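Enquirer: Hey, can you work out the whole structure from these sequences and the hints?
Residue numbers (the working numbering), protein chains in the order written: chain U, 1 to 114; chain H, 115 to 227.
Heads up, a few of these hints could be off.
As the list claims (entries may be wrong) - Selected chain U positions facing chain H (in silico; Cβ < 7 Å):
1. P40
2. K42
3. G43
4. Q106
Unchecked claim - With a Cα cut of at most 30 Å, we get these calculated DSSO-like pairs of lysine-lysine:
5. H:K125 / H:K192
6. U:K59 / U:K79
7. U:K42 / U:K63
8. U:K42 / H:K192
9. U:K69 / U:K57
10. H:K125 / U:K42
11. U:K42 / U:K79
12. U:K57 / U:K68
13. H:K131 / U:K42
14. H:K129 / U:K42
15. U:K79 / U:K63
16. H:K131 / H:K192
Claimed, not checked - With beta-carbon atoms standing in for the labels, derived distance ranges:
17. U:T111 / H:G167: 39 to 45 Å
18. H:E128 / U:K42: 39 to 45 Å
19. U:P8 / H:S201: 25 to 31 Å
20. H:S119 / U:Y51: 25 to 31 Å
21. U:G16 / H:K192: 45 to 51 Å
22. H:G167 / U:P80: 33 to 39 Å
23. H:G199 / U:Q14: 36 to 42 Å
24. H:N214 / U:G54: 18 to 24 Å
Hints in this document: simulated from the structure, not taken from any laboratory. These numbers were taken from a predicted model, which means no experiment stands behind them. Just so you know, even glycine gets a beta-carbon here, dropped at the ideal spot from N, CA and C.
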Amino acid sequence: EDQVTQSPEALRLQEGESSSLNCSYTVSGLRGLFWYRQDPGKGPEFLFTLYSAGEEKEKERLKATLTKKESFLHITAPKPEDSATYLCAVQAILSGAGAQKLVFGQGTRLTINP
Amino acid sequence: GAGVSQTPSNKVTEKGKYVELRCDPISGHTALYWYRQSLGQGPEFLIYFQGTGAADDSGLPNDRFFAVRPEGSVSTLKIQRTERGDSAVYLCASSLGPNNEQFFGPGTRLTVL
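Expert: This is the structure:
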């Protein structure tokens, strides 16, 4: 069964203090790994898709990386507006039913203090 | 352009009642998904539509849950004989095709008293 585990569950940083969030996964065959940001009371907002080990993608202060077993979301010099829950999800390579669903981790709740 | 929209934003109902939740996907997106999110957890897959047909309904918890997408655009998630355990945020997502990024709506918060 495909599984996604995120750590830590919660992280509190000072403004400007860089850190990384971890997403460990087990999947029969990885089609894609997705990062989303979710603000309270809102739906998840798409950030990145990674497809193969060694791939990296960047957007403003965020950089996502991928290995064969885990993904990291690096946050450089964060600002208070980066506070949110960050969700990781995997999509497996399957034929037929089950191929399109995303399997999510429980998320990391990030708080950036000014 | 408009994103995925969901109505109502909040729904409070009594145990045993029937509810319908509506999703309007991004125009032109052929794939539509329903997920359910409990407090402090990530979304859990319920059902996937490609066009008008339910291509994967393996996440529906039991036969009280049913979803339709009759014209390949708007979808309705229907829950019969609601139970307190059905309380959650129900999220809808759409994508251009089955292997493209999924874009989520704001969700419907369902509370069963």
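Enquirer: If a hint holds in the structure, say so; if it does not, say that too.
Expert: So, going through the hints one by one against the coordinates:
1. P40: violated (11 Å)
2. K42: holds (6 Å)
3. G43: Since chain H brings a Cβ to about 4 Å from U:G43, closer than 7 Å, the hint holds.
4. Q106: holds (5 Å)
5. H:K125 / H:K192: holds (13 Å)
6. U:K59 / U:K79: holds (14 Å)
7. U:K42 / U:K63: Answer holds: U:K42 to U:K63 is near 23 Å, not above 30 Å.
8. U:K42 / H:K192: holds (22 Å)
9. U:K69 / U:K57: holds (17 Å)
10. H:K125 / U:K42: Status holds; Cα separation ~16 Å.
11. U:K42 / U:K79: Given pair U:K42, U:K79 holds - Cα atoms ~20 Å apart, limit 30 Å.
12. U:K57 / U:K68: Within the cut-off at roughly 16 Å; holds.
13. H:K131 / U:K42: Answer holds: H:K131 to U:K42 is near 26 Å, not above 30 Å.
14. H:K129 / U:K42: Holds. H:K129 to U:K42 sits at ~26 Å (cutoff 30 Å).
15. U:K79 / U:K63: The given pair, whose Cα atoms are some 15 Å apart, holds under the 30 Å limit.
16. H:K131 / H:K192: Roughly 11 Å between the alpha carbons, so the hint for H:K131 and H:K192 holds.
17. U:T111 / H:G167: 39 to 45 Å: holds (43 Å)
18. H:E128 / U:K42: 39 to 45 Å: violated (27 Å)
19. U:P8 / H:S201: 25 to 31 Å: For H:S201 against U:P8, whose Cβ atoms are near 27 Å apart, the range 25 to 31 Å holds.
20. H:S119 / U:Y51: 25 to 31 Å: Roughly 29 Å apart at Cβ, these two residues keep to the hinted range, so it holds.
21. U:G16 / H:K192: 45 to 51 Å: holds (49 Å)
22. H:G167 / U:P80: 33 to 39 Å: For U:P80 against H:G167, whose Cβ atoms are near 45 Å apart, the range 33 to 39 Å is violated.
23. H:G199 / U:Q14: 36 to 42 Å: holds (40 Å)
24. H:N214 / U:G54: 18 to 24 Å: holds (22 Å)
Against the hints set out earlier in the document, violations occur for numbers 1, 18 and 22.
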